[in-house]
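In order, the protein sequence lines correspond to chains A and B.
Everything in the first sequence is counted per full-length UniProt numbering, starting at 1 for the first residue and increasing by one.
Everything in the second sequence is counted per full-length UniProt numbering, starting at 1 for the first residue and increasing by one.
Careful, some of the hints might be misleading.
[Unchecked claim] Derived DSSO-like pairs (lysine-lysine); straight-line CA-CA distance at most 27 Å:
| # | chain 1 | residue 1 | chain 2 | residue 2 |
| --- | --- | --- | --- | --- |
| 1 | A | LYS241 | A | LYS252 |
| 2 | A | LYS337 | B | LYS43 |
| 3 | B | LYS3 | A | LYS216 |
| 4 | A | LYS333 | B | LYS43 |
| 5 | A | LYS252 | A | LYS344 |
[What the hints assert, rightly or not] A few chain B positions that, by computed beta-carbon distances, are all more than 10 Å from chain A:
| # | residue |
| --- | --- |
| 6 | THR14 |
| 7 | PHE23 |
| 8 | GLU30 |
For the record, the hints were derived by calculation from the structure and aren't laboratory data.
As the structure is a prediction and not an experimental result, all values here were calculated from the model.
Note that beta-carbon positions come from the ideal geometry of N, C-alpha and C, so glycine has one too.
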Amino acid sequence: MNNRYNRHIILSEIGEAGQNKINNARVLVIGAGGLGCPILQYLAAAGVGTLGIIDFDVVDETNLQRQILYGKKTLGINKAIAAKERLRDLNDLITIYTYSEPLTYQNAVTLFNQYDIIVDGSDNFETRYLVNDACIISEKPLVYGAIFKFEGQVAVFNHNGGPSYRCLFPSPPPSGSVPNCSEIGVLGVLPGIIGTLQANEVLKIILGIGEQLSGKLLCFNALDNQTTILNVNKSMEQFEKVLNEKPRFEQKELSITCDTDMIVSLQEITSFSEVQFIDVRELHEEPKLTGTNIIQIPLSSLSDQLHKISENRQKIFFCQSGIRSKKALAIAKNHHKSLCYSLKEGANELFLQLKNMQHENA
Amino acid sequence: MIKVKYFGMLTEITHCSEEQLAFSGTTVEELLKVIVTKHPGLKSLNFQVAQNNDIVDLTAKVNADLIALLPPFAGG
Chain A
1 MNNRYNRHII LSEIGEAGQN KINNARVLVI GAGGLGCPIL QYLAAAGVGT
51 LGIIDFDVVD ETNLQRQILY GKKTLGINKA IAAKERLRDL NDLITIYTYS
101 EPLTYQNAVT LFNQYDIIVD GSDNFETRYL VNDACIISEK PLVYGAIFKF
151 EGQVAVFNHN GGPSYRCLFP SPPPSGSVPN CSEIGVLGVL PGIIGTLQAN
201 EVLKIILGIG EQLSGKLLCF NALDNQTTIL NVNKSMEQFE KVLNEKPRFE
251 QKELSITCDT DMIVSLQEIT SFSEVQFIDV RELHEEPKLT GTNIIQIPLS
301 SLSDQLHKIS ENRQKIFFCQ SGIRSKKALA IAKNHHKSLC YSLKEGANEL
351 FLQLKNMQHE NA
Chain B
1 MIKVKYFGML TEITHCSEEQ LAFSGTTVEE LLKVIVTKHP GLKSLNFQVA
51 QNNDIVDLTA KVNADLIALL PPFAGG
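Model the full structure from these sequences, guided by the hints.
Rendered as structure tokens:
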């Protein structure tokens, strides 16, 4: 063995034997965003032998304030792939698998079965409950972390007979009721702190040292540095609920991806002048689209400004790639707005389409 | 008096991270009624209640002077 892991090995609590455990460990990280970046960076540096990274999203300029594995050169590149590129330079002795697709009810259990520990760095409740339930079904420990503005939570669930995420929060809050980082903002260093705490729990689980946050929820506030650790009780009822659903698990659909009939492609739009297009990108994003039937309401303020959208016309949300527009659709549906659709394509494609139509009319 | 701590987005409604509240009832559920009367915006939100350092359910008796209200976070 070379010198790379020397500072681990000379710790009597780790030693050669502990480092071997780390080198043989298989850890899957869900989401390579604010939390995923520091988690992956430290686990790769520590020599976790097999790392899995699942993220369907691409690197955006607004990510660079906190997602420290990325830079200008990786803008627009899938996060799992961009993260792997950076981590390969950091440590080429480990194996990294990338999954550039969303985590779904269909792929979760099969994927989790290939790893020892699952780390949740996702950014929405649906995925968090999916991760929890798939961990229960595949009997894997879950290292949970979540952030909100200046505050973070860390816990270890489903480990050594301990409680699960559902024992703490039995069911997800209504879609759109709790904003995420892209909607409300987050202090850049916060996911660094919380993600690093998650990486620490992962290493402690692998090594079997210290006191893991199993059955405990750590709450951290970056503004006053207060750390509170709360005890969470196990609820067998919550485990049974998940296990009872096991036979039907793979038939379930994430609501964010299941409304396929509410997603329209440009080809399917019969009359561009009769629909209202709603641009849910942030105000600075390019290309700018203007027109009498195009309004701009950033996703972050959509629920407050839903009154601005047309009642009677068909409404089509669009964004840069068709992901935020699906979230917008979910919010609109949640507020009982009818005739709402999400554009499959992004602003660039819509821009070209509208431009071509102008040409044809001229 | 009971000290009530608020976490996450709850503080956007309460406009404070903690406060002292007069309470003469028995259960957590009764205490929540007092809190929600003062901050009606909390009614529609999801949160768990911790008494001292333990997450408790609504039927638990209030026997501590520190209660924390804890919402789930989604961000990552």
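Check your understanding: Is LYS337/A close enough to LYS43/B, meaning Cα to Cα at most 27 Å?
Key -> Roughly 23 Å separates the two Cα atoms, so the pair holds.
Practice item. Take a quick look at whether LYS252/A and LYS344/A sit within 27 Å of each other, Cα to Cα. Key: Holds, at about 22 Å.
Check your understanding: Can we confirm that no CB of chain A comes within 10 Å of the CB of PHE23/B?
Key -> 20 Å, holds
Review point. Going straight from one Cα to the other, do LYS3/B and LYS216/A come out at no more than 27 Å?
Key: Distance ~22 Å between LYS3/B and LYS216/A Cα, so the pair holds.
Exercise for review: Compare the distance between the alpha carbons of LYS241/A and LYS252/A with 27 Å, and conclude whether the hinted pair is satisfied.
Suggested key: Holds - the C-alpha atoms of LYS252/A and LYS241/A are around 15 Å apart, at most 27 Å.
**Study point:** Hint consistency between LYS333/A and LYS43/B [alpha-carbon to alpha-carbon, up to 27 Å]
**Key:** 21 Å, holds
Exercise for review: May I ask you to check that THR14/B keeps its beta-carbon over 10 Å from the closest beta-carbon of chain A?
Suggested key: For THR14/B, whose nearest Cβ neighbour in chain A is about 14 Å away, the distance exceeds 10 Å, so it holds.
Review point. Closest CB-CB distance from GLU30/B to chain A, is it above 10 Å?
Key: Correct as stated: the minimum Cβ-Cβ distance to chain A is 21 Å, above 10 Å.
Hint compliance for this structure: every hint is met.
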